[in-house]
Amino acid sequence: MVRVAPPPRRRGSVCDRAAPAFRRRLRASAFERRPVTVSVVIPCFNQAHYLGEALASVDAQRERADVIVVDDGSTDDTAGVASRSGGVRCLRQRNQGPAVARNAGLAAARGEYVVFLDADDRLLPDAVDVGVDAFDRHPECGLVFGRAVMMGPDGALWPTPDQPRVERDHHLALLRRNLIWAPAMAMFRRSAVVAAGGFATGVDAAADYDLYLRVSRGTPVFDHGRLVACYRRHSHNMSANAVRMLRETLTVMQRHRRFAAADPATLAAWREGRRTWQEFYGTALVEEIRGHVRRGEWNRALVKAFVLARHHPRRIPRELTRRIGNMRRYGVVRRSS
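Sequential numbering from 1 applies to the sequence shown in my numbering.
These are calculated hints, taken from the structure and not from any lab test.
Treat the hints with caution; some may be incorrect.
[As the list claims (entries may be wrong)] In silico lysine to aspartate or glutamate, EDC-like type, Cα no more than 20 Å apart, as pairs:
| hint | residue 1 | residue 2 |
| --- | --- | --- |
| 1 | K304 | E287 |
| 2 | K304 | E288 |
| 3 | K304 | E279 |
[As the list claims (entries may be wrong)] Now the in silico label distances, taken between C-beta atoms and shown as ranges:
| hint | residue 1 | residue 2 | range |
| --- | --- | --- | --- |
| 4 | D169 | L302 | 33 to 43 Å |
| 5 | R137 | E297 | 48 to 58 Å |
| 6 | H236 | D129 | 27 to 37 Å |
| 7 | N241 | D76 | 38 to 48 Å |
| 8 | A265 | R295 | 40 to 50 Å |
Since the model is a prediction, treat every value here as computed from it, not as a measurement.
Glycine is no exception: its CB is placed at the ideal position from the N, C-alpha and C atoms.
Please build the complete structure, drawing on both the sequences and the hints.
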């Protein structure tokens with residue numbers, strides 16, 4: 001299990017506490033005079049309460065970054081939080097979802113490389129340096145990635161399972177499962193993202209995974225294996241919506257089938273990945289259906305059962321068999337003689 005200790009908190013002197021703001025002002029004044037290597041794009045919809053932490057984590061990087069906050073039609077203080085952070089550009093648009101917001105940030109990016117940081121997540125202090133160093137050592141790559149540690153809503157770090165490094169066949173590994181489960185784990189060569197067409201719209205829940213597949217299909221990928229981000233788990237995570245995740249992830253997989261079909265090994269990886277997604281989100285959906293049934297929420301249970309039947313039809317007979325087995329075990333249903 002990966003565990004990262006939080007940095008010790010020090011109050012320090014008034015000058016110490018003023019230093020971050022002073023550094024931001026210096027960076028802002030020098031912004032146009034110094035070349036920028038990395039752009040950090042932060043889409044934000046009504047997450048002003050987390051945005052300050054995300055911006056502070058970028059400010060703590062040793063390498064200066066071009067920071068772009070895309071306010072995706074927020075009704076909270078997102079724009080205010082961004083404007084109070086020196087050297088941050090804030091783009092505002094009507095609410096169109098994270099894929100459109102990320103594409104807007106990509107279009108405005110000045111760096112050779114780009115990181116997409118969700119507003120509720122954080123970069124670890126060396127994240128930018130680690131990514132740039134990986135590209136320096138592997139200039140042929142369009143994407144490099146590392147690891148993230150999970151944290152709770154309050155920022156407390158959670159134990160996170162280890163993830164073995166992938167040494168080769170990164171596209172096949174990504175087809176089998178999403179190794180980059182937090183967007184900030186990845187750093188892209190900006191030209192590779194542009195060449196791949198940016199983020200696809202209409203599949204916001206899996207648009208990042210879709211981009212990893214398209215970029216890795218066209219350019220080499222390097223897994224440096226270093227911890228670079230903190231991923232926040234909370235009740236409003238899009239990944240908590242099992243119906244949407246199942247639908248949109250399988251839509252993405254279907255879009256990649258025609259490319260996978262040309263090679264037996266790639267097709268086998270695609271099939272394994274599709275089964276993995278069906279089982280992962282299908283299991284979550286079954287648990288949600290059980291909860292609705294226990295609470296007597298029959299309409300919700302029925303709607304989700306239809307989704308399960310459409311996208312993971314093999315799970316329905318398995319669930320029925322398990323239920324009947326349990327009923328027989330407890331004497332509710334008797335075997336026919």
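| Lying within 33 to 43 Å: is that true of the beta-carbon distance D169 to L302? | Because 42 Å falls inside the window, the suggested range holds.
| query | Is the Cα-Cα distance between K304 and E287 20 Å or less? | reply | holds (11 Å)
| said: Can you confirm whether the C-alpha distance between K304 and E288 stays at or below 20 Å? | reply: Holds - the C-alpha atoms of E288 and K304 are around 8 Å apart, at most 20 Å.
| request: Mind checking the alpha carbons of K304 and E279 for me, to see if they're no more than 20 Å apart? | output: holds (15 Å)
| field | D129 and H236 - C-beta distance against the hinted 27 to 37 Å | value | Check passed, 31 Å falls within 27 to 37 Å.
| Taking the beta carbons of R137 and E297, is their distance inside 48 to 58 Å? | holds (54 Å)
| field | Outcome for the supplied range 38 to 48 Å, where the beta carbon pair is N241 and D76 | value | Given about 21 Å between the Cβ atoms, the range is violated.
| Quick one: are A265 and R295 within 40 to 50 Å, going by C-beta? | holds (46 Å)
Hint 7 alone, counting from the list given before, is not met by this structure.
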